[in-house]
Amino acid sequence: MEFCFLRILKLTMKVLVMLLLFLGNIRNSAAYFSSSSEATMHTNNWAVLVCTSRFWFNYRHMANTLSLYRTVKRLGISDERIILMLADDMACNARNKYPAQVFNNENHRLNLYGDNVEVDYRGYEVTVENFLRVLTGRHETAVPRSKRLLSDEGSHILLYMTGHGGDEFLKFQDSEELQSHDLADAVKQMKEKGRFKELLIMVDTCQASTLFSQLQSPGVLAIGSSMKGENSYSHHLDSDVGVSVVDRFTFYTLAFFERLNMYDNASLSSLFNSYNPNLLMSTAYYRRDLYQRHLEEVPVTNFFGSVMETIHTDSAYTSFTNKNFGGAKTKIFLGQSFSSSDINSVRNSDDEDQFNNLTAEEDQHNEVGQCIFCAMDSGHLWSVIIGNVITHESVDFFVCYGLVLMLPLLVFSTWLSL
Amino acid sequence: MEEISNFPLNPEPPEEESPQSQMHESTPDRKTMRTTKPGIKRLILSLTVLFSFIIGFPFLWKSIEIYRAPLPFDRIESFSSQLESDPLHFPCRFQAIFVGFDFSASRGLGPNDVAAAITRKMSQLNPNSSRCGNCIGGDYDVSVVIDSGSSCAQTEGSEAKCPLKCGEVVFGGKLSDEDFDEMLKRCLGNVGGGGKGYSVVVFNGDKEEGEVRAVVGKYRHAWVLGHVSEDEAVSRTAEIFARVFMNAGSEGNSIRSEFMPVGADGRIVLSFSLLNAEPQDWIYDWSFHEIDKTLLHPVIQALQPIANITVESQVLYYTPKSSFSYWDDIHGSHIFSTKDLPFFLNSNEWHLDTSVAAGGRSKVLQLVVYIPSAKECPLQLELPNGDLSKTNGFISPMWGGVVVWNPESCVKDLESKDPDRRVISPQNLQKLFEVLMGQLRQLLGLKSDNLYVGQSGAYILLGSERGFTEWELDVLSGKHVCFNLHSCATTLGSLSRLVQSLPRMIIIDEIGKQVKFSLEAAKFAQSYASTGIYNASAVSSRQARSLVEDAFFHPSIMSISYYSFEHCFAIYSPFFLPVTMHVILAALREWKRYKQENRKYLAWKAKERIVS
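Listed in order, the protein sequences are those of chains H and S. Okay, so the first sequence: first residue is 873 according to the numbering used here, each after it adds one. Okay, so the second sequence: first residue is 5 according to the numbering used here, each after it adds one.
To be clear, the hints were calculated from the coordinates, so they are not data collected in a lab. Owing to the predicted nature of the structure, the values given are computational and were not obtained by experimental measurement. Among the clues, some could well be false.
Stretch by stretch, here's where chain H covers chain S in the computed footprint (C-beta under 8 Å, at least three residues) [unchecked claim]: (1) 56–63; (2) 450–460.
Only pairs whose alpha carbons sit at most 27 Å apart, straight line, appear in this in silico DSS-like list of lysine-lysine [stated by the list, open to error]: (3) Lys-609/S / Lys-596/S; (4) Lys-125/S / Lys-451/S; (5) Lys-394/S / Lys-435/S; (6) Lys-379/S / Lys-416/S; (7) Lys-1060/H / Lys-520/S; (8) Lys-297/S / Lys-1060/H.
Pair ranges (Cβ atoms, derived) [unchecked claim]: (9) Lys-969/H / Gly-390/S: 57 to 63 Å; (10) Val-1283/H / Ser-89/S: 51 to 57 Å; (11) Ser-1285/H / Lys-41/S: 31 to 37 Å; (12) Gly-995/H / Asp-424/S: 28 to 34 Å.
All C-beta atoms in this analysis are idealised placements derived from N, C-alpha and C, irrespective of residue type, glycine included.
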C-alpha cells in the first residue's frame, strides 16, 4: 500500500518536473531586460566591502576585509565611496593580544586598523537586510550619506564579501543567510535602476562560485575563491594572535595588489591568472558571461582604484568683470516666475518603518551554514528535480505546485485514515 | 461517533431508528429497507459546521490579505510608451531679419523662399529631428523680414515691425556688444509672442567695414554685422538657429547623463573647498560670504528651474595632491601635465565630503581651489600641446572641478614662527570664481568659453552676469526636462515590474500617492513643454522624477521583508487543514448515510404501497 503510494508520488513528481521545465522556458523567453541605449562614461568608483562573520575565531574574515579596504584606499577610492561592513570588532575583542590592532600577517608589520578606518556598518548592523538595502538604495530617510551607496550609471562597483558560505548562500552573523537569488535579485534591481555601469563581485567563502549561479544582469563580473563542493582555506595561523589571520584567496589577491600602484595598468586577466589552484587549495572561479569587455583590456584600477575621467577647463567665464564685486550693487533679477504645478508634495509619513519588523521572519532554511554541513545527500530524483528547477529559476512555481499537490495527498491520506 | 459505539456488534443500524420500527413484523430485511424517515439531525449538524467554515473562509482571507495600494499600471504603461513613440518636443519660433539686403533684386527670392532656405539648411545641420527636446513635428517655424532700405517685405504672420526701427543707430554710433544686445532686446521685444522666439538680425555693412562680426547676445537675440553675401547671411542665420540656439554649441545630439549632475531629489549641493596644501608655508582664507552674496546668488537663481541648489564652503589644511610635478626651467614653474590629472585628487587626504547640507540622494558637486605648498609653487598645468593652461583647472564629470591657484609670491616668510595667514584678494577671488563658473558650466554640459566656431565662421557668445544666458537656460531646461521625464518613465516601468513580480509585497498608500503625483507632474511637464514654458516644465519634470524616485526607493520595499504565498499557506494550513478535512469528510459521510437511509425508507414505502 505504502509502496504504491510512493510510486504514485514519484510519478506525479516527474509530471510536475516536466511541467515546471515547460513553465520555466516560457518565463525565460518572456524575460525583460531594460538596456540603456547609450553608453555612459565611467565616472566614478565605489567599493562595498563586507565581512559577514562574528566571533573571535573568524578573525581572518575581518582581516581580509580590512586588507581589501586598505588596498582600494591606497589605489584611490575615497572613504566616502567605500561602504565598509564589519560584523564584529576584533580589534577590541578581549581575546586580542594586540588591542586596537588587526594584522593580516604573522610578521605584524602592517596594522590594518590604523588611522582613518571608517567602518560604516558595524557589529549587529551587518545584516542581510542592511546589506540588501545598501545595494538597492532603499534606506530610511535618516540614514546618512556615508552609509549609502550613491552610485549612478557611470559607476564601477567592487563588491567584496567574505565569511562562511555554502551551496548558494553566505552566512551573516551566524544567524541568517544571504542566498544567491537574493543577491541576484538585488543586482537585477540595481541594474534596472542604473546604479552601476559595471560590477565586480569578489567572494571569498567556501563554495563561493555557487553564489553567482542566479546572476543574470549584464555588466556583472564575478569571481569566487572556490568551486562548488570546495572549501576555501585560511592561509596561515598566527601563533601570537592565536587564530588564522588571512584566507588564502585574499592573501594572494593582496600579494598581487601589493606590487601595484595607482599608475599601473595591470589587467583583470593578469589578476585572475595570478591565482594558483595549488596555492589556493581551491579553484578560483570567474563568471564572465555577463561581462562584455575583454578582461585583457580592463585595468584592475577600473574596479580596485579610482581613476577619474578629467576634462580640462579651457577658459574662465569672464562675464562677471562688469560686476562691482565686493561693493553694494543692485542686481537685476529677471522675474523668474515659474508657475509651479499644483501638486502637493507627498507627506513624509513616519510609518515607513513598519515593515522592517517583518524581515526577521524571512523564510530561512534550517541548514546551518558551515560549508562542511551543506553537502547534498538526497536521492537521485531529488537532485534531478532540484537541478532542473534551479536552472530554470522557477522555484516559486515549484513550491506552489508542490503545495497544490499536497492537497490531494492530504485528502487521500485522511480518507485512508478514516 | 459515540452513538455508533453503542452498537458495536452491528455497525450498520441507523441510530435514529426508534423502537417503533421493531413493531413492524413485515420488515423482511433491515439491510435494504426501513420503516421510518431517516433523521436529519446529524446531517444538519455536520453541514452547519461545514457551512460555518465556508462562511468563515472569506473573513480569514480578508484578515490575512496584504494591503496593496492600487498603482495605475495602465497609465504608467501608456506614459512610457507615449514618451517612447512621441518624444517631448518644444515649440520653436525663429525670426530672421535681414537689414540692407535685397533678395528679390539679386536672386528673385521673396521672404517665403528665404524662410524655406533657412529651414532646409537647419534640417541639414540638425538631422535628428525625432530626438527629445527638438521642435514640434521636426519643422521650424521660421519667419523672415527683409528690409532692403527702400522696401520692406516679410513672411505672413510675422509680428515684427517692418521696417526695423533701430537700424540707423547701428551704423551711426559704435556701440559695445552689451549695449547693442540691450538695444536689440528693446526694439525687438519679445519676438513671436510668448517670449520664447529666437531672432537673428543680419546687418549688411559696407565692404570697408572690415571683418564680419557675429555675436550671440545674452537674451534670445543674435546679430551679424559686416559685409556678407546673401547666401552667407542665410547659412549663418541657419547655423545660429540650429547649432547655437537649439543645441548650445554642443556637437553630440544625445543627452548624456554624465552631464546631468542633478540629484534624484532635484537638488545640487555646491561644495566649495579651499585647500591649503601646506599650512606651514602659508594659510589662505577667502571671504566666501561675499562671493556667495554677490556672484553666486544670481547663478543659483538662474538655475532654479533646473535644480534646487544649496551652497556650502570649507577651508582645509594639510591637503597635498597625490600626483607628481616637476620643475621646468622654460616656464619657470612646477609643471603637472594632463596625463597626471586623474591622479591629482588625493582622496585620502582631501576630506571634502562634509555631507552636512546634502540629503540622501542629493548630488554634491565639489568645486575645489588648491593652493600649492612653497615647494611646488608656482604650479602650472601643461596641456598636451606644450602650452600652459590658462585656467589651471580641470573638471571630472559628475564629481566637480579643481582649480590650482598660485599665490602672488611664492617666497615663504622664513623668519616668522607664526603661520603666515593671508586672504585672497577680491580681484583674485573674482578671477578664481570665473574659472569655477566655467567649470560649473562644463559640468552642466555647456562650454566654458565664449566662442563658438561653426561651419560658416566664429560666433562670439556674450556672457551673462547670471552665469547662463537665457537661450542657454532654455537649452538646459529642455535637456533636463527630457532627461527627467525619461528617467521618470524608466523608473516607473521598473517599479511596476517589481510590484507585479511580487504579488505578496505590501504597497503602502504613500507609494501609490507618489506614483500618482509623479504621473500628474509628468503630464504637467509635457503640457508646459508643448506650450514652450521651459521653466515650469523643468520644475514639474524634476518633481515627477523625484517623486518616482522616492516611491522606488521607499524603504518598505524590500524583497526579504514580506511573506510569499507559500509562506502564508505554510503558516495557516497547520491550523485549518486537518480540521477542514475532517469537517468536509464528515459532511460527505453524513450526506451519503442520509441518502442511503432515505433510499431504504423509500423502498419500504414502495413495498407498503404494493402490500396495501
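Hint by hint, which ones does this structure get wrong, listed from lowest number up? 1, 8, 12
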